[in-house]
Amino acid sequence: MSLSEKVLTGDVRAAARLMRDIDDNRPSAVTELKQIYARTGNAYIIGITGPPGAGKSTLVDQLTASFRKQGKKVGVVAIDPTSPFTGGAILGDRIRMNRHATDDGVFIRSLATRGALGGLSRSTSDVALVLDALGMDIIIIETVGVGQDEVDIVKAAHTTCVVMVPGMGDDIQAIKAGILEIGDVFVVNKADREGADRTARELAAMLEMRDTPQGDWQPQVFKTEAQRGTGIDELVGEILTHRDHLFSSGLIETFLRERNERHFVDILRDSLYKHAMAFMDRTATLPRVLDGMADSSIDPYSAAEEVIAEMLGYDPQSV
Amino acid sequence: MSERTLRILVGKPGLDGHDRGAKIIARAFRDAGFEVIYTGLHQTPEQIVSAAIQEDVDCVGLSILSGAHNTLLPRVCQLLGEKGADDIKVFGGGVIPEDDIAGLKSAGISEVFTPGTSTEDIVKWIGTNIRPRA
Chain A
1 MSLSEKVLTG DVRAAARLMR DIDDNRPSAV TELKQIYART GNAYIIGITG
51 PPGAGKSTLV DQLTASFRKQ GKKVGVVAID PTSPFTGGAI LGDRIRMNRH
101 ATDDGVFIRS LATRGALGGL SRSTSDVALV LDALGMDIII IETVGVGQDE
151 VDIVKAAHTT CVVMVPGMGD DIQAIKAGIL EIGDVFVVNK ADREGADRTA
201 RELAAMLEMR DTPQGDWQPQ VFKTEAQRGT GIDELVGEIL THRDHLFSSG
251 LIETFLRERN ERHFVDILRD SLYKHAMAFM DRTATLPRVL DGMADSSIDP
301 YSAAEEVIAE MLGYDPQSV
Chain B
1 MSERTLRILV GKPGLDGHDR GAKIIARAFR DAGFEVIYTG LHQTPEQIVS
51 AAIQEDVDCV GLSILSGAHN TLLPRVCQLL GEKGADDIKV FGGGVIPEDD
101 IAGLKSAGIS EVFTPGTSTE DIVKWIGTNI RPRA
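Line order of the protein sequences matches chains A and B. Reading the first sequence from the start, the letters are residues 1 to 319 in the UniProt record's numbering. Reading the second sequence from the start, the letters are residues 1 to 134 in the UniProt record's numbering.
The shape of chain A in the complex, shown without the other chains (with noise of 0.2 Å):
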């Protein structure tokens, strides 16, 4: 049996092998993941990114905790960086999640950037595929902690929580460009902690100021103290609350084909970046080039057009 057979049948091994292959960038992965794609996009996703140490781990744990509670299976991915000077990295979200280890209708899985730099690693929206072909209900996608610009989780999830705590400075930080402008749900983690109310409103104000049209989705700010599992039900409540707006409104249909063609587009540029320096291996053109542009006969706008051109068979200026 191939894996992705396995993994259709709910082999939990199979599926954890499929995704070192896929984070692995292994050819054999991609045909695996052709048997499966047809069996997925029921689970729903979950995107929770913020700060480093703003409890988004912790979180994860609740809201799991939370959906076990109501029969439904849970896979998690969840990022920490790649160290860019060794390449090694601390994978340390599980320490948080270890009571659900044990169940069988949970699986968690800890991935590295490996240099990406959105939020998330490469292979995760394929990782989440095969948590999907699983029999996952719900998927709950941890980022790496975000600054300001790490927004690739909003293309991944059809709900992304933002999650802030308090004390993060002042309410300009809060009209910034960047993930505040991407969040469904908003939490104020750490609700115990001095100066929470104050974060909350200024959230709040940054939210009131955008110009939403009727009938579109207004996000609200929620508290949490997810150390004691303070403020979780009214968050799942909001998530839900979102997914039946998304469905309700037709919406869905907008994020999906968003999200298709973010997948298809990243496929499609790797694949082409692959058989480019393939291409480039076969005939020779790389120390070519390189000559060339050493003695500046060649300049590398020309050279690369000239590559696309010998290898796709058409004129990239005629286009």
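No lab work stands behind these hints, which were simulated from the structure alone. All C-beta atoms, glycine included, are put in the ideal place defined by N, C-alpha and C. Treat the hints with caution; some may be incorrect.
With the C-beta cut set under 7 Å, the calculated list includes, among others, these residues of chain B facing chain A [said to hold, decoys possible]:
no.: 1; residue: 26
no.: 2; residue: 33
no.: 3; residue: 50
no.: 4; residue: 54
Starting from the structure of chain A, add chain B where the hints point.
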């Protein structure tokens, strides 16, 4: 085709509450270019084995200072075997008497590192003995 990145689970089974050693090892593995899944304190063998399988690690390193190594380390190997995952190697470290090492190895533990072992030596042992799966 790109090389696989080695994945290692570092965990602390049982009841002792000292994870400084485990954290130093985790950090040394990170610096050696491995992906380290650190599961923290007070883990049962069942939790460790489940995490090792879900994370598709190549090996499991267990730090143990409580004296329960003769029970907990073989139990991890046994559970991995029951799940058809005995290709995941297990090594241990901590306060483990020399006299116990032979017994642990015959129970399936690949190597035991006692106090005073340098992190370089452990990383070197991994490099020689643990290969990322094909």
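Evaluated hints:
no.: 1; hint: 26; in the structure: holds, 6 Å
no.: 2; hint: 33; in the structure: holds, 5 Å
no.: 3; hint: 50; in the structure: holds, 5 Å
no.: 4; hint: 54; in the structure: holds, 5 Å
Figure legend: structure checked against the earlier numbered hints; every hint is met.
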